[in-house]
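Using the hints provided, position chain B relative to the given structure of chain A.
From first to last, the protein sequence lines are chains A and B. Residue numbers for the first sequence, in my numbering: 1 to 193. Residue numbers for the second sequence, in my numbering: 1 to 193.
Some hints could be false.
Repeated chains share a single entry, so a pair holds when one copy, or any two copies, can fit it.
As the list claims (entries may be wrong) - Listed next, the in silico EDC-like pairs over lysine to aspartate or glutamate satisfying Cα-Cα at most 20 angstroms (straight line):
1) K164 to D123
2) K112 to D123
3) K112 to D91
4) K112 to E125
5) K154 to E169
6) K95 to D114
7) K124 to E137
8) K154 to E86
9) K144 to E169
10) K163 to D150
11) K164 to D150
Calculated from the structure, these hints are not laboratory results. All values derive from a computational prediction rather than experimental measurement.
Number of protein chains: 2
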Amino acid sequence: MKNKIITISRQFGSGGRTIGRAVAAKLGIPCYDGELIAMIAERSGFSEAHLAELDEHSVKRQPFAGVAERATQSSILQTVLWNTQEKTILDLASKGPCVIIGRCANHILQNKFDCLNVYIHADKEFRANRIVTVYGETDDSPLKRIQEKDKRRKEYYQRYTNKKWGSAEDFHISLDSGSLGIDTCTELLVSLY
Amino acid sequence: MKNKIITISRQFGSGGRTIGRAVAAKLGIPCYDGELIAMIAERSGFSEAHLAELDEHSVKRQPFAGVAERATQSSILQTVLWNTQEKTILDLASKGPCVIIGRCANHILQNKFDCLNVYIHADKEFRANRIVTVYGETDDSPLKRIQEKDKRRKEYYQRYTNKKWGSAEDFHISLDSGSLGIDTCTELLVSLY
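With the rest of the complex left out, here is chain A:
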């Protein structure tokens, strides 16, 4: 138990990443998210694009899992990715205080590091508006994009942690960013740290 790590799990579009980055900036500690993928890519030899596709998707949701052989190949890749990711997150946490977004970091660091585990959620209307503003429009409706991402994150989390996604018990603090506002959530977490 050393170093104080903030892990942030979040619903798609809830602003969890924005809050995590703002908290890290205010505390003057690093925040790992996209950077983490690049580090994993470097270690595993996967291409960054391939990793981004695999990332936080469960095997069943793989678009290329049409035949048994490909499904098996995908499953092996997922396991390799998970193991590399687990090691990377443990290494990052041992370097010093930081914020880690997503990737079941709360589960990976459990009983190993002093963590503040955070869950950020918001209602669908708030998230739908936010993803259009932050990520832009796509052919799919915002609600469809949210539903798909929610389903993937839920499957991914449950597969690797054996816990229910979105259960308050898994976190020290859960915040509704839609009602409380992103700035208030940021301030609360900074004051708690």
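The following block gives chain B in isolation, referenced to the frame of chain A:
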């Protein structure tokens, strides 16, 4: 949407009631819990002891529901109690800012009042120690008492709200009182209000 009401849902032994009372005292607003039962009793004509027994138990868990007739009688009593409780909570909320502990107040006041809905939880070890300190020993082990109370609250909440008990999404803020501490939870809620 008027008056700012704090509703507190909590796991048995998590200190939710203590936090609610402390928050209300610091804010100088009333806190309704045991007092609420007395008010309901007064309105409904039930005895206070009978109400305390019915309170937050679902029909299936009623100890006297051994035969169909008694189960039906119990179900009718539960419905009467729920309706009286709903009306009482709405009346209390309309009087002015307050803290309301338990009784699905978050659900009853939804879309009717400006609420801060809070969920307080903690791990079983913390709660087991706490209930012995606060409520004393009984013939049943602390863990058994927690399991039974958790089951009752879950059934009660799900019966009347049609939602999952313990889901972060139902609350603006969920706090782990075991890790964060009761004083920190109190301060956080006061600062949020």
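Cross-check of the supplied hints:
1. K164 to D123: So K164 and D123 pass the 20 angstroms test inside a copy (18 angstroms) and across (16 angstroms) alike.
2. K112 to D123: between (33 angstroms within a copy, 18 angstroms between copies)
3. K112 to D91: within (12 angstroms within a copy, 49 angstroms between copies)
4. K112 to E125: between (37 angstroms within a copy, 19 angstroms between copies)
5. K154 to E169: both (16 angstroms within a copy, 14 angstroms between copies)
6. K95 to D114: Within one copy only: 13 angstroms inside, 44 angstroms across.
7. K124 to E137: within (16 angstroms within a copy, 45 angstroms between copies)
8. K154 to E86: within (18 angstroms within a copy, 34 angstroms between copies)
9. K144 to E169: Between. Shortest inter-copy distance 19 angstroms satisfies the 20 angstroms Cα cut-off; intra-copy 28 angstroms does not.
10. K163 to D150: Answer is both; intra-copy 15 angstroms and inter-copy 18 angstroms each pass.
11. K164 to D150: Both, since 13 angstroms and 17 angstroms are each at most 20 angstroms.
Checked against the numbered hints given earlier, this structure breaks none of them.
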